[in-house]
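> What follows is the residue order along each chain.
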Amino acid sequence: MAKKVTIDAKGVHYTPLNQQVRKAIADGAGEIVINNVLGQRFIGNGLRGDATIRVNGVAGGDLAMFMSGPTVIVHGNAEHAPGNTMDSGKVVIHGSAGDAVAHSMRGGKVFVRGDIGYRGGIHMKQYQAQRPILVVGGSAQTFLGEYMAGGLLIVLGLDGVMKAREIGSGIHGGEIVIRGDVDDACLASGAKKVPLTDEDRARIVPVLREFADDFGLDAEPLVKANYTRIVPASARPFAGKYTWE
Amino acid sequence: MSSNFGSMPLRYRISIDRKQCMECGRCIDNCSYGVFRRDGDRILINSRKCTACHRCLTYCPRDAIMLEEQPCDYRSHPVWTRAVRESIYNQSRTGKIILAGMGSVSNLPIIFDHLMLDACQVTTPPTDPLREPVELRTYLGKKPSRLDFKQKANGDVELSTELAPNLMVETPILLGHMSFGAISLNAHISMARAAQETGTYMGTGEGGLHPGLYPYQDRMIVQIASGRFGVNIDYLERGAAIELKLGQGAKPGIGGHLPGEKVSADVSKTRMIPEGSDAISPAPHHDIYGIEDLPQLVRSVREATGGKKPIFAKIAAVNNNAENVVAVARSGVDAIAIDGFRGGTGAAPRVFRDHVGIPIEVAIATADKELRKQGLRNEVSLIACGSIRESADVMKSIALGADAVYIATAALAAMGCRVCGNCYQGLCPWGIATQRQDLVDRLNPDVASKQVANLIHAWTLEITELMGAAGINSIESLRGNRDRLRGYMLDEGLLNILDVKSVGA
Amino acid sequence: MCGIFGVMDKRRQMMDGSGIRDALSIMNERGSGEGAGYVAYGIYPDYQNCYALHVLLDNPGKSKAVVDATLEQWGAIEHEEAIPTCDQPNLRTTCTPWRYFFKPDATLAPGSTSPEKDIITNLVMQINAAQNGAEVISSGKNVGVFKAGGSGAWPEDVANYYRIQDYEGYIWLAHNRYATASPEKWERPDPFNLHDWSVVENGKITTYGANRRYIESFGYTCSMSTDSEVITYLIDLLVRKHGLDINLAIRALAPPYWDEIDRMPEAEQKLNRALRFAYGSATMNGPFTIVAANPDMMVGFTDRGKLRPMVVGECDDRLYIASEEVAIRAMEPKVESITRPAAGEPVIGRVAP
Chain A
1 MAKKVTIDAK GVHYTPLNQQ VRKAIADGAG EIVINNVLGQ RFIGNGLRGD ATIRVNGVAG
61 GDLAMFMSGP TVIVHGNAEH APGNTMDSGK VVIHGSAGDA VAHSMRGGKV FVRGDIGYRG
121 GIHMKQYQAQ RPILVVGGSA QTFLGEYMAG GLLIVLGLDG VMKAREIGSG IHGGEIVIRG
181 DVDDACLASG AKKVPLTDED RARIVPVLRE FADDFGLDAE PLVKANYTRI VPASARPFAG
241 KYTWE
Chain B
246 MSSNFGSMPL RYRISIDRKQ CMECGRCIDN CSYGVFRRDG DRILINSRKC TACHRCLTYC
306 PRDAIMLEEQ PCDYRSHPVW TRAVRESIYN QSRTGKIILA GMGSVSNLPI IFDHLMLDAC
366 QVTTPPTDPL REPVELRTYL GKKPSRLDFK QKANGDVELS TELAPNLMVE TPILLGHMSF
426 GAISLNAHIS MARAAQETGT YMGTGEGGLH PGLYPYQDRM IVQIASGRFG VNIDYLERGA
486 AIELKLGQGA KPGIGGHLPG EKVSADVSKT RMIPEGSDAI SPAPHHDIYG IEDLPQLVRS
546 VREATGGKKP IFAKIAAVNN NAENVVAVAR SGVDAIAIDG FRGGTGAAPR VFRDHVGIPI
606 EVAIATADKE LRKQGLRNEV SLIACGSIRE SADVMKSIAL GADAVYIATA ALAAMGCRVC
666 GNCYQGLCPW GIATQRQDLV DRLNPDVASK QVANLIHAWT LEITELMGAA GINSIESLRG
726 NRDRLRGYML DEGLLNILDV KSVGA
Chain C
751 MCGIFGVMDK RRQMMDGSGI RDALSIMNER GSGEGAGYVA YGIYPDYQNC YALHVLLDNP
811 GKSKAVVDAT LEQWGAIEHE EAIPTCDQPN LRTTCTPWRY FFKPDATLAP GSTSPEKDII
871 TNLVMQINAA QNGAEVISSG KNVGVFKAGG SGAWPEDVAN YYRIQDYEGY IWLAHNRYAT
931 ASPEKWERPD PFNLHDWSVV ENGKITTYGA NRRYIESFGY TCSMSTDSEV ITYLIDLLVR
991 KHGLDINLAI RALAPPYWDE IDRMPEAEQK LNRALRFAYG SATMNGPFTI VAANPDMMVG
1051 FTDRGKLRPM VVGECDDRLY IASEEVAIRA MEPKVESITR PAAGEPVIGR VAP
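Chains as they are written, first to last, in the working numbering: chain A, 1 to 245; chain B, 246 to 750; chain C, 751 to 1103.
Worth double-checking, as some hints may not be accurate.
Said to hold, decoys possible - Simulated pairs of lysine-lysine, BS3-like, Cα-Cα distance not exceeding 27 Å: (1) Lys23(A) / Lys3(A); (2) Lys553(B) / Lys760(C); (3) Lys853(C) / Lys891(C); (4) Lys991(C) / Lys891(C); (5) Lys991(C) / Lys618(B); (6) Lys553(B) / Lys395(B); (7) Lys4(A) / Lys125(A); (8) Lys192(A) / Lys224(A); (9) Lys395(B) / Lys991(C); (10) Lys163(A) / Lys192(A); (11) Lys991(C) / Lys760(C); (12) Lys192(A) / Lys241(A); (13) Lys10(A) / Lys991(C); (14) Lys395(B) / Lys1020(C); (15) Lys241(A) / Lys224(A); (16) Lys1084(C) / Lys397(B); (17) Lys853(C) / Lys814(C); (18) Lys853(C) / Lys1020(C); (19) Lys10(A) / Lys23(A); (20) Lys397(B) / Lys1020(C); (21) Lys991(C) / Lys163(A); (22) Lys695(B) / Lys241(A).
To be verified - A few chain C residues that face chain A, going by a derived Cβ cut-off under 8 Å, partial list only: (23) Glu1075; (24) Ala1080; (25) Lys1084; (26) Val1085; (27) Ala1092.
Think of the hints as simulated: they come from the structure by calculation, not from any bench. Just so it is clear, CB atoms sit at the ideal spot from N, CA and C, and this is done for glycine as well.
Required output: the full structure, derived from the provided sequences and hints.
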């Protein structure tokens, strides 16, 4: 049985807090619970291994940035850019998150039960077996999947209207899957809608089940729902813009 | 009585690499100036007739032709330059005013080249125009300075300010006025199509509107100049806007003259003057002898066209530019084009072209400043013209205070013009500045319109990149934003006039 | 980067400054410890009919004499005193904060629809533009700005220096500065104030030059080289002088894109086009989140590209706007609703009449 460590973050600056987390992991902790988190940044930053970190409170910016392996579960909201340039592992946020969620993420999963802010999934990218996945339970805002270069981004819109406009602006890799229909006017140039094939659905179903499982939702309606799939119109959006001197 | 000058040194020397030449004769066919002729199986050259238009080089299938400028040296002298001496020889031979084509050739520093643009680094992020909007859409015309609202019965407020008619352009680059007569119908059609394709407008110049341009009339700004050539109510009603030409940067203070040789049957019809007669535009409009007469003309045009069309005025940039601009702004026009001293022309006296007027950079800066000072900036849009050479010039013009620019020489170059400056000869081998049908036919509007559209498109892309790099996503945020310019090696006096800080400041 | 915070009580219930200090301090990561400031509405009930002028004096002798003379020229000083302060070990004091309670002589601005505010505007411009060692940092009724710069000026140091906990207000704005220019200057951190309006900003506009040239053509003089100075004047111009509703004023400052306008119904299209026509030079570009307040409202809005964060919290009668959610939770742990409005969705909270 892996060791469980509890840390009280009340009034603690993020540097000593993250040092405590690192020490716990070095000492073999399998589960770390951090209570009273109030905006401390960089939790899970650059951590390797397979520990689980539970954050009780509001996680500060750049949660799990450069993380490679562990699981971070936030019972609360997160500020900007959770999953920033994350390599692998998993981030589960029970609340909502700020702008630039999963920025430049290259692998692993980020699940957000609530809403995310602007520029969600910006420049997510994939390479060989590394394929990042961002799933949002609520709504996303404008410039969703901006500059996206790879991976899978799913927005379920469980809590009402999707607010995103300029979806997939400059997208040149990966796929954005949105539950329900998406108005053409919400798509940015460089993005195009395509039907979700059975093959596509088979690919996203395990992700949907895992998401439902993490948040105690009924997976069946999600599995059966109607989805819009948005993909790049071209892998080279800059082509045709330049000429040589 | 002839002069004792004899043969003057050649301006250009054309040579043919005889090992490459296959005597196909394309150079002979293409050169409308008569540089080449065939003598048996040999092609002879008369370099004296060459204008450096490059037409022969372009069409030589073997790259056999070479052109050399100023092949003969004069004794070098920093004061008695070649140009000065040649002018003296010319005038002492002829006793006349020297005419010249295209814009100023004086080697004065170009202020644009001493203005550096800004970009974001860490305190603000740049915007990537590929993925986030950068708006270049520009409305030209009168804007309200403030808005009025009225309360509706249900408590909602409703705008009660009426908006004056504005021209909407998708890019702040318009094609400037060059008359049919000065340039060919195919050149006009090419530019009109390009304007349509790129969502902008072109000026007719003062030559009237040829029926061949009627399909594009929604993209035309029709001009009323002092000669009133081609002006009637039909002409005014066809245009999207109407421009009163009050002056021209290449020749401020003087009128124009289209020689009878260029008044072909077609030109005669559109200008509404007899074929072969000189078309003379007086220096002033003879119904404007005082500034209070200008509003009369503006109102008259507005009455005639039902107030539906924006009215522009174009003036040359001279010493009291700021005063001229506010005077014109008060006349009720919707936009003012200011033509700097480097502005182009089909023909202008050399002494005017090279010595009269002020640079467009200064003219725009002082105009914008004075209009703001007098609370008139929203009364008029400002269009900068007079050698806008590249997208950076457009950016800098707007940052100095312009709403948009007119390009003309650049548009001609986009159609093939090599800026040889011999427009006044009427023999343009590119089919641009000529009315000779065989030459006009050389300019294919399908091809040339695409080239002009490409140029506007490319500059537009560059402007969006420059704006994005500066963290600016709408053109009105660039307008008059002199904070985003820095002067490099400009003197303090000029920096103050431009209201631009030095690099490093 | 900067951190900003605003709180308003819709029923004018008073809050002392300690909670605001805590909210701002928790965002210390956003600042550089070289400037912070606070503004509160409702702090001077005893002088509520006077314009409270907070002035930073280089020295209480010569520079004060200049201010005294200017004020006496434009009206009457009802009361004046040094602003109570408490020296902080890390904060180097370089000026003397002073306050005047001042009644302008309205007859000196004949023909104005708001003569007192015109006089206040003019004298603030006059004092601040001159190199006289005095900077007016706030000038409204029943409102005051407390700010300081230089190394050691962290939010809590500045708050403690001014004994911010001793003031009670129903609207508070606060600013934690990440200095990029003139870090030593006490007048440089936000909030910036001109009579009714106060502004805090997170960001940096790329249109400072264009906006400044525009606002200066209406007789305002910008002497602080800060965004928030220009923004304050723009709001004053649009709302007080041009009579725009705050909603429309914000839309003029951060307008919708043309393609959004093109899709609007006809009347709305016309209105938005008119706003962009009239106020193109007032449009602010570049990254910003702005929280502004006057005695009746607090508003928050972002640049139209939404390049800076803005979190809104609501709890009972309180409306919060902050750079980070934690600032709100630091002051009100039980906050019920947290939202992140989109660009172009200004948050407008009004105090009950």
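> All hints, please: hold or fail.
Taking the hints in turn, this is what the structure says about them:
no.: 1; hint: Lys23(A) / Lys3(A); result: holds, 13 Å
no.: 2; hint: Lys553(B) / Lys760(C); result: violated, 49 Å
no.: 3; hint: Lys853(C) / Lys891(C); result: holds, 10 Å
no.: 4; hint: Lys991(C) / Lys891(C); result: holds, 18 Å
no.: 5; hint: Lys991(C) / Lys618(B); result: holds, 18 Å
no.: 6; hint: Lys553(B) / Lys395(B); result: holds, 25 Å
no.: 7; hint: Lys4(A) / Lys125(A); result: violated, 34 Å
no.: 8; hint: Lys192(A) / Lys224(A); result: holds, 23 Å
no.: 9; hint: Lys395(B) / Lys991(C); result: holds, 17 Å
no.: 10; hint: Lys163(A) / Lys192(A); result: holds, 18 Å
no.: 11; hint: Lys991(C) / Lys760(C); result: holds, 26 Å
no.: 12; hint: Lys192(A) / Lys241(A); result: holds, 20 Å
no.: 13; hint: Lys10(A) / Lys991(C); result: violated, 48 Å
no.: 14; hint: Lys395(B) / Lys1020(C); result: holds, 14 Å
no.: 15; hint: Lys241(A) / Lys224(A); result: violated, 41 Å
no.: 16; hint: Lys1084(C) / Lys397(B); result: violated, 42 Å
no.: 17; hint: Lys853(C) / Lys814(C); result: holds, 18 Å
no.: 18; hint: Lys853(C) / Lys1020(C); result: violated, 43 Å
no.: 19; hint: Lys10(A) / Lys23(A); result: holds, 18 Å
no.: 20; hint: Lys397(B) / Lys1020(C); result: holds, 16 Å
no.: 21; hint: Lys991(C) / Lys163(A); result: violated, 35 Å
no.: 22; hint: Lys695(B) / Lys241(A); result: holds, 16 Å
no.: 23; hint: Glu1075; result: holds, 5 Å
no.: 24; hint: Ala1080; result: holds, 7 Å
no.: 25; hint: Lys1084; result: violated, 13 Å
no.: 26; hint: Val1085; result: violated, 10 Å
no.: 27; hint: Ala1092; result: holds, 6 Å
Checked against the numbered hints given earlier, this structure breaks hints 2, 7, 13, 15, 16, 18, 21, 25, 26; the rest are met.
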